[in-house]
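J.: So you can see what is in the structure, the chains are spelled out below.
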Amino acid sequence: MKQFITRRLGYSLLSLLVLSLTIFFFVRVTGDPAALLVEPGASEDDIAAIHQKFGLDKPLWVQYGLFMASLLRGDFGQSFYYQTPVFELYLDRLPNSLLLALVAMAFSLLVGIPSGILAAVRVGRFWDSAGKLFALLGLSLPSFFVGLVLILVFSVYLGWLPSSGSGTPLHVIMPAFALGWYFAAAHMRLTRSSMLEVLGSEYVKLARLKGLPQSWVIGKHAFKNALIPVMTLAGINLVLMINVAVVVETVFAWPGVGRLLYEGISFRDFPVVQGVVIMGGTMIVVVNLLVDLVYAVIDPRIRLEK
Amino acid sequence: MSMSSEIIVLPPSVTPRAAAIRLGELPMIPLIILATIAFMAIFADVLAPHNPEVGALTARFRPPFWQAGGSMDHILGTDQLGRDVLSRLIFGARVSMVVGFTAVIFAGVVGTALGILAGYLGGWVDQVIMRITDAWLALPALTFAIFLAAIVGPSMWNIVIILGLVYWTRYARVVRGEVLSLKEREFVRLAIVAGCSKLTIMRRHILPNVVNSAIVLATLMLGVVIVTEASLSFLGVGVPPPQPAWGLMLSDGKQGLMVGYWWLTVLPGCCIMLMVLSANLLGDWLRVKLDPQLRQL
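Chains A and B are the protein sequences, given in the same order.
Numbering-wise (our numbering), the first sequence opens with residue 1 and increments by one.
Numbering-wise (our numbering), the second sequence opens with residue 1 and increments by one.
It is worth saying that the hints were derived from the structure and are not from the lab.
Glycine residues also receive a C-beta, built at the ideal position from the N, C-alpha and C atoms.
Don't take each hint at face value.
[As the list claims (entries may be wrong)] Only pairs whose alpha carbons sit at most 20 Å apart, straight line, appear in this in silico DMTMM-like list of lysine to aspartate or glutamate:
| hint | chain 1 | residue 1 | chain 2 | residue 2 |
| --- | --- | --- | --- | --- |
| 1 | A | Lys132 | B | Asp284 |
| 2 | B | Lys254 | A | Glu263 |
| 3 | A | Lys220 | A | Glu197 |
[As the list claims (entries may be wrong)] Some chain B residues judged to face chain A by a derived CB distance under 10 Å, without partners named:
| hint | residue |
| --- | --- |
| 4 | Met97 |
| 5 | Gly123 |
| 6 | Ser155 |
| 7 | Pro240 |
| 8 | Ser278 |
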């Protein structure tokens, strides 16, 4: 177990190292990074200051050292537009992103799990086909289109929901739906296949042989076990939702991390863009590590693998 | 897989894969939609009734012809600069097609090549390539693409390169996995015994056996790439205006949404949806047809 943790931790650190190298490399490969890191219309002095700070006249490995040193101190640079540290901006926005992601997750599970079970129980019949169609639509409809159509119907035509902003519970409904839509389809697919697998297992057959009613077999024996992979995926997806909401947050002007990324692009605020990308990558590497560790605790086969 | 070497006993009618795909079982609807979009893309200059990049400011926000105020001159209405929506949709098909296909092929070639190298050579080559793949896969594709687009600036060909850089990792993962099992097979061992160089083995014996999976993946990837391109354009780091890209049209149309100019968002959105849906349907069909191993994915 200890060996497994060490190895898995090593892999995650390696991934983070490669990520930081990637970001470092791409910023520098396009020419003078000072052009990206300095405010538009900055003076010669400002450019010289950036050169000084990141040691842009020094060899590349020294530059990387400086870059990493500032990252590890939590110094992601200063936002040009807000004139505050990027890290603070990020932390300010994170609760909003989390709220949106949680509501979207709740929605996607409430839709995905029951429909997945229904499709698995009625495999090959009407509900299964309906579920397949739903999954296909979920995976094919871009979230910005779903979002804009929602605004058109519920804000413009019906006037029920506010089209943008945040503050009241009503504001979160549409963005959460637009964001959760894709994930609902993904959760439905996984619930269906996981449920089918469980329904074919020996202990479910046994439960049936014992003469238990169908609802009892599905609800008590199959459901719980089929849910394990779905909940794992949901855990990863929650973190993913925080980091892929950029389009949805832009459509609904939801003040989360994704909106921050969008502001970073539109105000040519490169430190913000870089900071959000680094934070996103780090979060996902960490959550993957956690999921693997939890799985290793639950399932001994995993930690015994080479 | 490599049937050509074992067909001696089989009657010719049963053998090659080509016979397995008959016209009747092709998924017609997605093919027709994709063909229509491709047709629009190729003959955009002839088909489009107006110049897509120039409009008359006196004719702004005209609705489609069936609504009050619309006319047959602008069948699907005009946008905030008075440009013809139908013409922009037709030219937008060109952007989506060119970006979609070239990016998918670019990513596919890079990813397949690196996947084969990693899988066949093993050792440090494998380590380097797969560590990069793992790390890059941790970044959400759209976020990574936005980051790259913020560095290199917007242009259609930059987007192709960016999407290639973001998506090659998906191919590398799958292809490497297949190569790992392929290289234990008899025909590869025979080739080694016969004295083929590593390069020859990878090119002549490994590559033909992973091409199927790469094609299936590429078809499934087409939809993903088109959505990403549209998202980038929507966020303003994709294809730069005034070039007509569907994602850009949606983003422009957002302004008119609150006053009910639905055609500026719904129409390009439907185009994206149809194209992605068709690509996904075709990909699913190909997956079952060409590669039973991928069915479980």
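J.: Run every hint past the structure and note whether it holds.
T.: Outcome of the hint check:
| no. | hint | result |
| --- | --- | --- |
| 1 | A/Lys132 to B/Asp284 | holds, 12 Å |
| 2 | B/Lys254 to A/Glu263 | holds, 17 Å |
| 3 | A/Lys220 to A/Glu197 | holds, 15 Å |
| 4 | Met97 | violated, 17 Å |
| 5 | Gly123 | violated, 16 Å |
| 6 | Ser155 | violated, 13 Å |
| 7 | Pro240 | violated, 13 Å |
| 8 | Ser278 | holds, 9 Å |
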